[in-house]
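From first to last, the protein sequence lines are chains D and P.
Start counting the first sequence at 1; every next residue gets the next number (the working numbering).
Start counting the second sequence at 1; every next residue gets the next number (the working numbering).
Simulated from the structure, these hints should not be mistaken for lab results.
Remember, predicted model here, so these are calculated numbers, not experimental data.
Just so you know, even glycine gets a beta-carbon here, dropped at the ideal spot from N, CA and C.
Mixed in with the good hints there might be a few duds.
[Claimed, not checked] Here are the simulated PhoX-like cross-link-like pairs (lysine-lysine), alpha carbons at most 20 Å apart as the crow flies:
#, chain 1, residue 1, chain 2, residue 2
1, P, Lys67, D, Lys61
2, D, Lys56, P, Lys47
3, D, Lys155, P, Lys45
4, P, Lys78, D, Lys61
5, D, Lys56, P, Lys53
6, D, Lys70, D, Lys82
7, P, Lys45, D, Lys56
8, D, Lys90, D, Lys102
9, D, Lys70, P, Lys131
10, P, Lys45, D, Lys61
11, D, Lys70, P, Lys47
12, D, Lys70, P, Lys67
13, P, Lys184, D, Lys61
14, D, Lys61, P, Lys46
15, P, Lys45, D, Lys70
16, P, Lys53, D, Lys70
17, D, Lys96, D, Lys84
18, P, Lys53, D, Lys61
19, D, Lys115, D, Lys104
20, D, Lys70, P, Lys78
[Said to hold, decoys possible] In silico contact screen, one side only, chain D against chain P (beta carbon under 7 Å); selected entries:
#, residue
21, Trp36
22, Ile37
23, Ile40
24, Leu50
25, Phe51
26, Val53
27, Thr55
28, Ile58
29, Lys61
30, Tyr108
31, Asn110
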Amino acid sequence: MLKKIVILLFVTCFACFNSVFAAESGGMPQLNPEFWISQIFWLIITFGILFIVLTKVILPKISDNLETRKSQILENIETADKQKEESQKKIDEYEKIILDSKLKAKSYFNEAREKILDDINKKRAALEKDLDEEISEVEKELSDLKQKSGEKINKIAAETSAELIKELIGEEVNSSSIAAIVEDQSKINRERKDV
Amino acid sequence: MYQFNVYRIGPEIKLGSVDLSFTNASLFMVISSLAILIIFNLGAKKKTLIPDKLQLLSELSYSFVAKMISDTAGSKAKPYFSFIFSLFMFVLFCNMFGMIPYAFTVTSHIIVTFVLAAFIFIGVTIIGFMKHGLGYLKLFVPSGVPMVLLPLIVVIEIISYLSRPISLSVRLFANMMAGHTMMKVFGGFVISLGIVGGWLPLSFSVALTGLEILVAFLQAYVFAILTCIYLNDALNLHH
Chain D
1 MLKKIVILLF
11 VTCFACFNSV
21 FAAESGGMPQ
31 LNPEFWISQI
41 FWLIITFGIL
51 FIVLTKVILP
61 KISDNLETRK
71 SQILENIETA
81 DKQKEESQKK
91 IDEYEKIILD
101 SKLKAKSYFN
111 EAREKILDDI
121 NKKRAALEKD
131 LDEEISEVEK
141 ELSDLKQKSG
151 EKINKIAAET
161 SAELIKELIG
171 EEVNSSSIAA
181 IVEDQSKINR
191 ERKDV
Chain P
1 MYQFNVYRIG
11 PEIKLGSVDL
21 SFTNASLFMV
31 ISSLAILIIF
41 NLGAKKKTLI
51 PDKLQLLSEL
61 SYSFVAKMIS
71 DTAGSKAKPY
81 FSFIFSLFMF
91 VLFCNMFGMI
101 PYAFTVTSHI
111 IVTFVLAAFI
121 FIGVTIIGFM
131 KHGLGYLKLF
141 VPSGVPMVLL
151 PLIVVIEIIS
161 YLSRPISLSV
171 RLFANMMAGH
181 TMMKVFGGFV
191 ISLGIVGGWL
201 PLSFSVALTG
211 LEILVAFLQA
221 YVFAILTCIY
231 LNDALNLHH
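Excised from the complex, chain D in its bound form (with noise of 0.2 Å):
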């Protein structure tokens, strides 16, 4: 069956392609020479013409555009990077006037500080004299109290006993023994705290 459908096409073929070439006589026109000097001729002319304008007129055009173009996307590069060196530029200067202020700033605020610390430093140093000044002056008027107080005590001591003497026996006691007794005693008595 496959084969007669098979051979069945290949006569059909056959027949389609005598059909198709019945009608073809005298071979290849190609090989006809009667228009053989016409299609010279007019290549010639033609080709020739095309040649002529694209050489003179159309391809310096283009290769001018080429060149233009290529130029100013050089140049629009260099621009660029003239551009871009600049700004690196302004942002190394401006990167440098933020680092000299910071450190203006520091600076400042150092002196500032020891400014501070160098008032506080004499406004303690005076407060410290007065202080102690003061308390030297306050020590010292006690210490004079203490020894004061002592001899009052003493001389008190001292006319109290000679007082009570005179009332007990009537007599009036050398003073100065009093005192020098009185004396001995508070001495005494001190030792004895101390101790």
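Start from chain D and add chain P according to the hints.
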């Protein structure tokens, strides 16, 4: 083979006994050249930093051909840039216009491709002799070949050099003609197999159209690059 027929359009132009009539082949040569000129002129008109579509197209083609030439023939081939550019564009546009249904394919005629190839061959040979004098004949004597083989090699080299225009022209012509013939054959199959069996050749035909467009570009490229290679032989003589 009706599509390859050349016929007269308009009046008969005769120069003496030579027939220079305007034919459908001439018409498509004119159309291709005009299309190239219009497209590239529009593409070259404006001078904008960011190109529009046509400008991009023309500039891409320009750099494509420029790169092709500098890759194959080096910097010495720069003066011949405009010729190779015109050649490439002419062959490409003729091939591409041939892909339009009912259009005539200029490059499917051996006489057209042969004239182009012969012009290239003669030009390259003249350039070679002008650059190197008789030293250009060294092209036929490859270095490092034993003396015994030298006569044989020289003969082979000369034959291969002389066959360049033939191979160059036949390559383009045969490719274009074979492609178009094949498409015609498959088209004929579609008609004769009808609505039932015609779908298979139709799909082939569609695929072939894509292939032919590729071939149209590729053959133009090959034509141009072979020209560059021949030019390279003439400019930089180191075989």
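Hint check results:
no.	hint	in the structure
1	P:Lys67 / D:Lys61	holds, 18 Å
2	D:Lys56 / P:Lys47	holds, 18 Å
3	D:Lys155 / P:Lys45	violated, 137 Å
4	P:Lys78 / D:Lys61	holds, 16 Å
5	D:Lys56 / P:Lys53	violated, 23 Å
6	D:Lys70 / D:Lys82	holds, 18 Å
7	P:Lys45 / D:Lys56	holds, 14 Å
8	D:Lys90 / D:Lys102	holds, 18 Å
9	D:Lys70 / P:Lys131	violated, 33 Å
10	P:Lys45 / D:Lys61	holds, 8 Å
11	D:Lys70 / P:Lys47	holds, 12 Å
12	D:Lys70 / P:Lys67	holds, 16 Å
13	P:Lys184 / D:Lys61	violated, 42 Å
14	D:Lys61 / P:Lys46	holds, 9 Å
15	P:Lys45 / D:Lys70	holds, 17 Å
16	P:Lys53 / D:Lys70	holds, 18 Å
17	D:Lys96 / D:Lys84	holds, 18 Å
18	P:Lys53 / D:Lys61	holds, 16 Å
19	D:Lys115 / D:Lys104	holds, 16 Å
20	D:Lys70 / P:Lys78	holds, 19 Å
21	Trp36	holds, 5 Å
22	Ile37	holds, 5 Å
23	Ile40	holds, 5 Å
24	Leu50	holds, 4 Å
25	Phe51	holds, 4 Å
26	Val53	holds, 6 Å
27	Thr55	holds, 4 Å
28	Ile58	holds, 5 Å
29	Lys61	holds, 4 Å
30	Tyr108	violated, 55 Å
31	Asn110	violated, 59 Å
Comparing the model with each earlier hint shows violations of hints 3, 5, 9, 13, 30, 31; every other hint is respected.
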